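Residue numbers (my numbering): 12 to 374.
Accuracy of the hints is not assured; some may be wrong.
Unchecked claim - Dumping the calculated DSS-like pairs for lysine-lysine here, alpha-carbon to alpha-carbon at most 25 Å:
| hint | residue 1 | residue 2 |
| --- | --- | --- |
| 1 | Lys-138 | Lys-104 |
| 2 | Lys-246 | Lys-270 |
| 3 | Lys-273 | Lys-138 |
| 4 | Lys-273 | Lys-21 |
| 5 | Lys-286 | Lys-138 |
| 6 | Lys-286 | Lys-331 |
| 7 | Lys-292 | Lys-204 |
| 8 | Lys-292 | Lys-349 |
| 9 | Lys-356 | Lys-331 |
| 10 | Lys-356 | Lys-204 |
| 11 | Lys-286 | Lys-270 |
| 12 | Lys-13 | Lys-138 |
| 13 | Lys-286 | Lys-273 |
| 14 | Lys-204 | Lys-273 |
| 15 | Lys-112 | Lys-246 |
| 16 | Lys-204 | Lys-21 |
| 17 | Lys-349 | Lys-286 |
| 18 | Lys-292 | Lys-246 |
| 19 | Lys-21 | Lys-138 |
| 20 | Lys-138 | Lys-246 |
| 21 | Lys-270 | Lys-204 |
| 22 | Lys-356 | Lys-286 |
Said to hold, decoys possible - So the derived label-pair ranges between C-beta atoms look like this:
| hint | residue 1 | residue 2 | range |
| --- | --- | --- | --- |
| 23 | Met-172 | Asn-321 | 25 to 33 Å |
| 24 | Leu-220 | Gln-360 | 55 to 63 Å |
| 25 | Gln-134 | His-31 | 26 to 34 Å |
The set of hints was computed from the structure by calculation and includes no laboratory data. Please read these numbers as outputs of a predicted model, since none were measured by experiment. Note that the Cβ used here is the ideal one computed from N, Cα and C, for glycine as well.
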Amino acid sequence: MKGCLILENKRIFTGDMIGHCDRGYGEVVFHTGMTGYQEILTDPSYMGQIVVMTYPLIGNYGINPDDFESHRPWLTGFITAEACHSPNHYQSKQTLDAYLKANRIIGLCGVDTRALVREIRAQGTMKGWILPGVTEIESFDSLEFPDLPTDQVARVTTPNMYAASSAGMYHVVVVDFGGKENIKNSLVRLGCKVTVVPARTSFETIQSLQPDGIMLTNGPGDPMSCVDVLPTIRKLAEHYPVFGICLGHQLLSLAFGAKTGKMRFGHRGSNHPVKDLTTGKVWITSQNHGYAVLTEDLPDVLSVTHVNVNDGTIEGIRHKTLPAFSVQYHPEACPGPKDSEYLFKSFMQLMSERREQSLVYAT
Numbered sequence: 012m013k014g015c016l017i018l019e020n021k022r023i024f025t026g027d028m029i030g031h032c033d034r035g036y037g038e039v040v041f042h043t044g045m046t047g048y049q050e051i052l053t054d055p056s057y058m059g060q061i062v063v064m065t066y067p068l069i070g071n072y073g074i075n076p077d078d079f080e081s082h083r084p085w086l087t088g089f090i091t092a093e094a095c096h097s098p099n100h101y102q103s104k105q106t107l108d109a110y111l112k113a114n115r116i117i118g119l120c121g122v123d124t125r126a127l128v129r130e131i132r133a134q135g136t137m138k139g140w141i142l143p144g145v146t147e148i149e150s151f152d153s154l155e156f157p158d159l160p161t162d163q164v165a166r167v168t169t170p171n172m173y174a175a176s177s178a179g180m181y182h183v184v185v186v187d188f189g190g191k192e193n194i195k196n197s198l199v200r201l202g203c204k205v206t207v208v209p210a211r212t213s214f215e216t217i218q219s220l221q222p223d224g225i226m227l228t229n230g231p232g233d234p235m236s237c238v239d240v241l242p243t244i245r246k247l248a249e250h251y252p253v254f255g256i257c258l259g260h261q262l263l264s265l266a267f268g269a270k271t272g273k274m275r276f277g278h279r280g281s282n283h284p285v286k287d288l289t290t291g292k293v294w295i296t297s298q299n300h301g302y303a304v305l306t307e308d309l310p311d312v313l314s315v316t317h318v319n320v321n322d323g324t325i326e327g328i329r330h331k332t333l334p335a336f337s338v339q340y341h342p343e344a345c346p347g348p349k350d351s352e353y354l355f356k357s358f359m360q361l362m363s364e365r366r367e368q369s370l371v372y373a374t
């Protein structure tokens with residue numbers, strides 16, 4: 012069946028429906044990775060979004076559950092220039108189309124994704140509708156483009172506390188704002204005991220778990236929708252080593268007085284160069300965010316540790332007196348790159364130092 016995407020500015024892109032055949036509405040964003048579509052589909056950070064893949068052929072290695080980043084897909088729609096219907100990989104369990112159908116995710120293929128991405132880059136991120144069987148401009152006159160829900164973290168965070176790993180050298184409490192499986196897996200591989208808690212868990216509850224360190228995960232939406240957790244994050248950073256990733260980076264920065272803002276079209280892909288200002292080295296990183304920490308009026312207690320080579324935006328911060336740091340990108344990224352996995356070892360070192368010195372960093 013034919014279908015189309017219509018943007019807020021009434022620009023129309025036609026194609027063929029795949030997956031669940033229905034209408035869908037969301038923020039239209041693009042991802043520049045060549046691989047990793049399974050991880051994208053199941054990343055909670057894409058909650059409520061329509062994702063456009065810039066690479067022309069998607070689905071050629073099929074779908075297998077081993078590469079999922081959560082138990083289900085979260086995005087609203089998935090758009091590609093060409094969807095492979097005959098994947099060839101020894102781990103493949105089903106086609107992209109079959110997976111989208113089974114999970115009621117709307118898809119569109121045969122789209123001029125190059126033109127679509129150029130439109131988003133030129134006009135900025137827009138909301139859009141995927142509509143089946145409609146191509147005439149007159150059919151869109153009554154379409155509305157309402158604001159999207161704000162507190163998306165509440166919809167993706169774990170409802171209950173659970174142990175991801177019951178034994179390990181250091182006990183890490185992962186505050187789940189919509190975290191990916193590989194954040195937990197990376198900690199477990201390094202020998203950590205991992206307990207996952209809901210996003211709005213109190214400081215007292217986390218303290219009762221006797222952690223060695225705190226991980227603030229990625230998640231969807233505007234960090235300002237989570238301002239109620241900032242006092243808890245600040246208090247955690249005053250008592251334990253803290254490592255924030257993506258949304259966790261933004262929330263840690265906000266907790267100490269920084270500001271965040273919406274980007275024109277965000278960073279989403281596996282090929283973003285980031286410069287480490289401490290060493291001068293440049294790392295290739297995987298990213299997925301539409302908001303960033305602003306350089307203007309950055310508090311004196313925070314120092315910038317990493318910047319994006321392409322646009323100069325902040326990619327990492329560190330607190331000057333507390334053992335707290337964060338990065339905007341994903342050091343745990345699957346399928347890669349793995350350039351920045353050293354950050355997990357830096358976090359381990361902070362936990363080791365705290366245990367050895369039995370320090371409480373603030374009273």
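Comparing the hints with the structure gives:
1. Lys-138 to Lys-104: violated, 33 Å
2. Lys-246 to Lys-270: Distance of about 19 Å is within 25 Å: holds.
3. Lys-273 to Lys-138: holds, 14 Å
4. Lys-273 to Lys-21: holds, 22 Å
5. Lys-286 to Lys-138: violated, 32 Å
6. Lys-286 to Lys-331: holds, 19 Å
7. Lys-292 to Lys-204: violated, 31 Å
8. Lys-292 to Lys-349: holds, 14 Å
9. Lys-356 to Lys-331: With a Cα-Cα distance of about 19 Å, the restraint between Lys-356 and Lys-331 holds, given a limit of 25 Å.
10. Lys-356 to Lys-204: holds, 15 Å
11. Lys-286 to Lys-270: Holds. Lys-286 to Lys-270 sits at ~21 Å (cutoff 25 Å).
12. Lys-13 to Lys-138: holds, 21 Å
13. Lys-286 to Lys-273: Status holds; Cα separation ~22 Å.
14. Lys-204 to Lys-273: violated, 35 Å
15. Lys-112 to Lys-246: Violated, because 44 Å separates the two Cα atoms, which is more than 25 Å.
16. Lys-204 to Lys-21: Since the Cα atoms of Lys-204 and Lys-21 sit roughly 51 Å apart, the hinted pair is violated (cutoff 25 Å).
17. Lys-349 to Lys-286: Within the cut-off at roughly 15 Å; holds.
18. Lys-292 to Lys-246: violated, 32 Å
19. Lys-21 to Lys-138: With a Cα-Cα distance of about 10 Å, the restraint between Lys-21 and Lys-138 holds, given a limit of 25 Å.
20. Lys-138 to Lys-246: violated, 37 Å
21. Lys-270 to Lys-204: The hint is violated at about 33 Å.
22. Lys-356 to Lys-286: holds, 19 Å
23. Met-172 to Asn-321: 25 to 33 Å: Given range 25 to 33 Å: violated, Cβ gap about 39 Å.
24. Leu-220 to Gln-360: 55 to 63 Å: Violated - the Cβ-Cβ distance for Leu-220 and Gln-360, about 21 Å, lies outside 55 to 63 Å.
25. Gln-134 to His-31: 26 to 34 Å: Distance hint for Gln-134, His-31 holds at roughly 28 Å.
Checked against the numbered hints given earlier, this structure breaks hints 1, 5, 7, 14, 15, 16, 18, 20, 21, 23 and 24; the rest are met.
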